[in-house]
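So the protein lines, in turn, are chains A and B.
So for the first sequence, the numbering used here puts the first residue at 5; every next one is plus one.
So for the second sequence, the numbering used here puts the first residue at 183; every next one is plus one.
For the record, the hints were derived by calculation from the structure and aren't laboratory data.
Warning: the hint list may mix true and false statements.
[As the list claims (entries may be wrong)] Capping the alpha-carbon separation at 25 Å, the derived lysine-lysine pairs in BS3-like fashion look like this: (1) Lys-94/A x Lys-257/B; (2) Lys-353/B x Lys-223/B; (3) Lys-116/A x Lys-94/A; (4) Lys-257/B x Lys-353/B; (5) Lys-111/A x Lys-94/A; (6) Lys-111/A x Lys-85/A; (7) Lys-257/B x Lys-116/A; (8) Lys-111/A x Lys-257/B; (9) Lys-36/A x Lys-116/A; (10) Lys-85/A x Lys-116/A; (11) Lys-85/A x Lys-36/A; (12) Lys-85/A x Lys-257/B.
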Amino acid sequence: MKNTMKTLLNTLALSIAATFALGSTAALAQGKPQPSNASAYPVAPAPGLYQAFGEESGIRSLMADFVLRLRADARIGEQFKETNLDNLAKQLSDQLCQLSGGPCVYKGPDMKTAHSDMDVTRAHFNSLVEVLQQTMAARGISFQRQNQMLALLAPMHRDVVNTP
Amino acid sequence: MTARPTHLARQAFWTLLALGLLGGAGHAATVQVTVLARDGKPLPDAVVIIEPAQTPAAATTPTLTPVQTHIAQQKMQFVPALSVVPLGSTVVFTNLDGWEHHVRGISGSLAGVSAVPSSGFEFRLGGRVEGRTAESTTVTLSQAGPLQLGCHLHGSMRASVYVADSPWVVKTSADGVALLPNVPEGAARVRVWHAEQLLEATPTAITVGPVTTVNVPTRITPRRRRL
Chain A
5 MKNTMKTLLN
15 TLALSIAATF
25 ALGSTAALAQ
35 GKPQPSNASA
45 YPVAPAPGLY
55 QAFGEESGIR
65 SLMADFVLRL
75 RADARIGEQF
85 KETNLDNLAK
95 QLSDQLCQLS
105 GGPCVYKGPD
115 MKTAHSDMDV
125 TRAHFNSLVE
135 VLQQTMAARG
145 ISFQRQNQML
155 ALLAPMHRDV
165 VNTP
Chain B
183 MTARPTHLAR
193 QAFWTLLALG
203 LLGGAGHAAT
213 VQVTVLARDG
223 KPLPDAVVII
233 EPAQTPAAAT
243 TPTLTPVQTH
253 IAQQKMQFVP
263 ALSVVPLGST
273 VVFTNLDGWE
283 HHVRGISGSL
293 AGVSAVPSSG
303 FEFRLGGRVE
313 GRTAESTTVT
323 LSQAGPLQLG
333 CHLHGSMRAS
343 VYVADSPWVV
353 KTSADGVALL
363 PNVPEGAARV
373 RVWHAEQLLE
383 ATPTAITVGP
393 VTTVNVPTRI
403 TPRRRRL
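Pulled out of the complex, with its shape left as it was, chain B reads as follows (with noise of 0.2 Å):
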C-alpha cells in the first residue's frame, strides 16, 4: 500500500523532467524578429508582440516597470514617429518649433474612426520663444495597445505610442529587427503592428526555442518622411 504513492512521484518526476526536456519549459530565449514591408524590405518603426501560447508562471516574467519618456514636436513633426513603453508610463510632450501645435492621443488603430471622446486626449502647446522653456504637458498612459497622435492644426503630422501591457513588444530598429529577450521557451504567436496597417493580419506561430530568427513578411508600406 505505501508503494503507489512513490511510484506516482516517481512517474510524475520522469514526466516532468521529460516535458522540461522536450518543451523547454521554464527556460528563455531571445528571438530575433525581422519584419519585412510590402517589396520585402526591413520595415523599421513596427512594433512586435510575442504572445507565448501558456501564460508562463509569474516569477519568470519581467516585472513592467513603468517609464517616463518624451516625444517633441519639431519641424512639423512628432520626434520620435514611434514610442513604446511599460502600462502606466508617462510621456511628456514637449513644442520645440517656434509656432503653435496641438497633440491628439487617440486609442485604437484607426485614429479618427474608433474614437471615443473619452478614450484620448486633446492639448494645446505654444510656440516656443527664445530665452523661454519650451511648453510641455506630461499624460499617463493607462491604456494598453496602440495610441495615436495627430496635431489638430497640421494634419500631415502623426505619430503613435504602444502602450505594452506584457515585457515582450519591442519596436524594429532602422534594419526592420527586433530583439526580444527572456521569452519562455515553448509555442507562441507573433503579432505585429504598425501605424500604416489599417487591419492586423493574421498572428504567424512560432515555437520559441534556444536560438529563434522569424522573418515575418507583412503588407504595409511606410509612409515616407521628409526630414
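Bound conformation, chain A alone (with noise of 0.2 Å):
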C-alpha cells in the first residue's frame, strides 16, 4: 500500500514536471537553452529557480546530501557501490546549477555516456526522482520548486534509461 501511494505520487511529480517542461518551452523566447553536456533537451528555468535553490552553495550542500542518501538507498544504493561520491555531488551540482540558471558550466559527459557502463531501468529512474523530492524536502524546498527543478531533469530519462 505504501509503495503503491509512492508510485503514484512519483508519476504525479513526473506528470507534474512534463507539463512545466511543456509549458516553459512558451518561454523559449527569453533566453534560448542550447542542448548541452548537461541536458540534451533542454528546458528555460522558470524564473527565479536558482535562487531559490540557495544558489550556488545551496546546491552544493543539496547534492551531497542527495548522494549519500541514493548510496543509502536499499533500491538504488548498489547502482553507486564503485561511484565516486564527491564527484558525483560536484557534477550534479555543475549540472543543476547551470540548467537552474546559475553561472556554473557542467564539464562531464553527456547522459548517455555517463550512464553507458550501468544498466538503468525505468523503475531506478524514478527511484533516483524519489530520493532527490525526499532530499529537497528535507531542505524546506517548496513543492512547487520542487517540481521546477524535476521539470529541466524529466526528459533526461530518454538517455538514462537504458534497460527495459
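Bring the two chains, given one by one in their own frames, into a single complex with the hints.
Have a look at this one:
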C-alpha cells in the first residue's frame, strides 16, 4: 500500500514536471537554452529557481546530501557502489546549477555516455527521482520549486534509462 | 681402449636422434588456443600464457622487444580494454574525453585488494579542449604480470595490461582464439588470465606437437560493455 502510494506520488510528480517542461517551451523566446552535455533536452528554468535553491552553495549542499541518500537507498544504492560520491556530487551540482540558471558550467559527460556502463531501468530512474524529492523536502524546498527543478531533469529519462 | 669413447659417442648420437624424433626437441609449432566462457561461448580479451615444461635454449626463444602502445580514455571507457605488451614497454595514456579522468594502475590480479603503493601509479589527465592536443602521460612497465587500470573519478571504468616476460603470451581475439607461434614442441602448461577472474584456474597440461589446438573451458563471465 505504501509502495503504491509512493509510485502514484512519483508518477504525479513526473507528470507535473513534464507539464512544466511543456509549459516553459513557450517561454523559449527569453533565453533559448541550447542542448549541452548538461541536458540534451534543455528547458528554460522557471524564474527565480536558482535563487530558490540557495544559489550555488545551496545546490552544492543539497547534492552532497543527495548522493549519500542515493548510496544508502535499498533500491538503487548498489548502482553507486563503485561511484566516487564526491565527484558525483560535484558533477550534479554543476549540472543543476547550470540548468536552473546559475553561472556554473557542467563539464562532465552527456547523460547517455555517463550511464553507458550501468544498467538503468525506468524503476531505477523513478527511485532516483524519489530520493531527490526526499532530499529537497528535507531542505525545506517547496513542492512547487521541487517540481520546477524536476521539470529540467525529467526529459533526461530518454538518455538515462537504457535497460527495459 | 680407443674403441670405448667412440662407442659412447655413437650411443649418444642415437639417443639424441630418438629424443629429437619423439619429443620434437628443437622444433617449434604454432599453438591455437580457444578460450571458452562459463556459458561455453568464445571468450575474447583473455590472456593465454604457454609455459614450456623445459626452458628452451636461449637461441631458439624469440626475443622480447619492448614496444610503445596507446590506451585512450574515450566515452567513459579505456580503449582498448586489454593490452598485452612485452616487459619494459611503454604505454601512452591519452584522455580524449572533454572532461577530467584519472589513471590508476595497480599490479596484481585483484585491483584494490593486492594494492601496494609502490607497485602502481596514479595521475590525472585533464579534459580535452577543442583546438588543443589531448593530455597524455607515458608510463614504462617494468613489472611482469597483470596490471589493472581504473579511474579514481569513474568507478565503472576498468581495463588491464598484461606485461609479458615470455614470448608465449597472447590475448584472445573476438572469436576467443589466441594463436601462439614458435612454441617449442613437447610438454607445456596453458594458463589463462582474465580481468573478471577472481582466482586463476589450474593450468591445462598439453603436449605441443606440429599441429596443436586446445580448447580451454573457464568459469569466467565477462562484464558486459555498452558502446
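Identify every previously stated hint that the structure contradicts and give their numbers, smallest first. Hint 11 is the one this structure does not satisfy, whereas the remaining hints hold.
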